[in-house]
Amino acid sequence: MSTNKHAMINRYKWYEIIGIYCGIAVFLTFVLAPFVEGFLVSLKPLSQLFSSPYRFWPENGSFEAYRTMWEHVPGFGRYIFNSFFISITATIVVLLLVVPAAYAFARFEFKGRGVLLGVFLAVNMFSGAVLLIPIFRLMRVSGMLNTYFALIVPLIAFLIPTAIWLLRTYMMRIPRELEEAAYVDGASHFYTFRRVILPLAMPGISVVGITTFITAYAQHFIFALTFNSKTEYMPLPIGLFAYFGRQEVVWNELMAASFVGIAPAMIVIFFLQRYLVSGLTAGAVK
Amino acid sequence: MEAKRQTVIFAWCLLLPATIYIAIIVAYPLVDTFILSFTDASLKRVTNWVGWENYNKIFNATFADVIVRTFVWTFFSVLFKMIIGTFGASLLNSAVPGRTLFRILTMPPWIVPMAIGIFMWGWMYNGQFGMISGMLQRFGLVDGPVAFLAYGSTAFWATIFTDVWIGVPMVTLYLLAAIQSIPQDLHEAAWTDGAGRFYRFRRITLPLLMPAMITMSMISLISTFNSFDIIWILTRGGPSGSTTTMIIDTYKTAIGSYKYGEGAARAVLICIFLSIFSYFYFRVTSRLSQEQSR
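Here the protein sequences come in this chain order: D and A.
Numbering-wise, this note's numbering puts 46 at position 21 of the first sequence, and it's gapless, one number per residue.
Numbering-wise, this note's numbering puts 137 at position 127 of the second sequence, and it's gapless, one number per residue.
These are computed hints drawn from the structure, not numbers from a lab.
Be careful, since some hints might not be right.
Stated by the list, open to error - Which bits of chain D does chain A cover? Going by a derived footprint, with three or more residues having C-beta under 8 angstroms, they are:
| hint | region |
| --- | --- |
| 1 | 68-82 |
| 2 | 250-263 |
What the hints assert, rightly or not - Derived Cβ-Cβ restraints for the label pairs, each shown as a range:
| hint | chain 1 | residue 1 | chain 2 | residue 2 | range |
| --- | --- | --- | --- | --- | --- |
| 3 | D | Ile292 | A | Arg109 | 20 to 30 angstroms |
| 4 | D | Asp210 | A | Phe208 | 57 to 67 angstroms |
| 5 | D | Ser76 | A | Ser296 | 55 to 65 angstroms |
| 6 | A | Arg148 | D | Pro289 | 29 to 39 angstroms |
| 7 | D | Phe295 | A | Thr57 | 49 to 59 angstroms |
| 8 | D | Leu297 | A | Leu89 | 28 to 38 angstroms |
| 9 | A | Gly61 | D | Glu257 | 36 to 46 angstroms |
| 10 | A | Phe292 | D | Glu202 | 28 to 38 angstroms |
| 11 | A | Ala157 | D | Ala288 | 25 to 35 angstroms |
Keep in mind that this is a model prediction, so the values were computed, not measured.
Virtual Cβ for every residue (Gly too), placed ideally from N, Cα, C.
Work the whole structure out from these sequences, hints included.
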């Protein structure tokens with residue numbers, strides 16, 4: 026009965042369906058237009074790009090830019106590698122720090138728990154930009170400036186809060202009875218954590234790992250811009266500035282390189298979108 | 011009692027690594043910012059205590075402009091994100107074929123490295139060769155090329171527009187999740203009483219979505235206030251300061267001109283504003299969760 030009613034409520038009249046699809050079309054045009062335009066730009070020869078009047082469709086478009094981009098900026102593969110290396114390392118460290126901390130917040134009663142959780146979440150309100158000066162000095166004093174460390178170490182700090190919050194929520198849903206049974210059998214706290222909680226929390230840990238990786242891959246611009254000037258450590262977003270020549274920007278190669286750079290992220294989204302939506306939106310619920 | 015103490019010690023051992031990390035990379039720099047703001051720290055070896063001088067220096071008409079601009083910029087960006095996000099979430103909630111695909115297609119601006127999306131906008135804003143100016147001319151809406159990033163007034167709105175574009179997917183998917191958690195019985199009851207779709211949206215969906223909208227606009231407010239990448243890549247705060255927000259101003263002072271002390275004083279002001287926002291955020295969300303549990 027209920028499902029029947031549900032189906033009837035959701036039955037649209039023909040003009041409603043047209044309205045909905047038109048609305049979605051407008052909305053997705055706004056969201057996707059830059060990508061469509063960016064892709065068409067990558068197909069156009071430079072001479073057509075720098076000509077008036079503007080033409081939307083490429084004339085004798087080709088994938089030539091996808092070949093020349095590698096010749097123009099030979100280090101481009103290195104930038105993609107750097108982005109991956111930075112994001113993966115950051116994700117691993119974040120998980121090592123966050124899994125135990127989230128468990129402590131989810132399960133144990135102790136003085137100052139609420140305050141400490143508040144402090145962790147408060148980190149989210151600062152972007153790196155506000156703390157840039159002291160972190161810059163910290164990097165310089167410790168000799169980390171212009172190394173991979175300068176790109177990874179500050180990034181990790183700003184990935185921790187959301188990861189703790191996500192994983193804590195997940196771990197609170199694991200039934201307490203399982204741990205209590207382990208304690209009755211004489212298991213230690215650590216043994217219970219490792220053998221009971223970790224396996225049960227694995228799905229949650231993977232979601233947090235994926236979202237952390239995506240965030241790291243998408244947003245490490247300001248630290249990379251400020252703390253590193255060596256070409257060999259530059260991640261993708263900074264490396265793309267290599268296509269900004271003295272005279273003019275090589276737009277078709279820049280766009281081609283952008284698409285090559287985001288291809289891995291796009292593949293990840295496509296296969297993991299179900300987990301991503303739950304992970305990313307839950308991360309916003311602070 | 012002994013068992014309880016052991017539990018507490020274990021809990022602290024679990025928390026210690028993450029806590030130390032945040033203490034070194036976030037808490038210490040925060041304290042350092044406050045201390046630096048009272049010094050004339052720069053590239054020079056010697057650093058002198060200067061008291062309130064850095065604060066006196068920044069309180070002038072130019073800086074008042076920067077503060078006002080930051081608030082106007084943030085206000086409109088958050089407003090548009092919420093309006094477009096609510097619009098998008100309601101549409102994506104409709105039970106029409108293809109909606110899973112539409113949801114995936116909403117995500118790219120959020121998931122792709124921000125710099126890449128910003129480069130694409132940078133090209134679209136180009137006056138002579140860009141898409142937006144070209145389309146406007148094609149449809150006869152403007153007479154000549156419009157170089158959006160070359161003039162203060164258009165650059166201001168162009169940077170807001172790009173910020174909205176990057177922020178909309180998160181707002182949309184968050185509000186979509188909130189809409190989906192509204193109990194279906196309410197809609198069924200109203201439907202049985204003959205309420206139309208639009209009436210139900212206005213009288214059931216919108217009121218029940220309010221808490222999520224308030225929460226999201228607060229989160230959005232904090233992240234938008236902190237926005238750096240978009241303005242930096244598109245205009246670097248220009249032309250002639252028309253897109254210089256507090257974050258950009260701080261970055262230019264500290265990193266661009268190596269005036270760490272003056273930059274730190276600006277950063278402290280940002281921290282104060284952010285703390286006020288966060289205070290309201292925590293108050294509002296705790297009140298909302300109390301109301302919900304009642």
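**Report entry** In rising order, the numbers of the hints this structure does not comply with
**Finding:** Violated: none.
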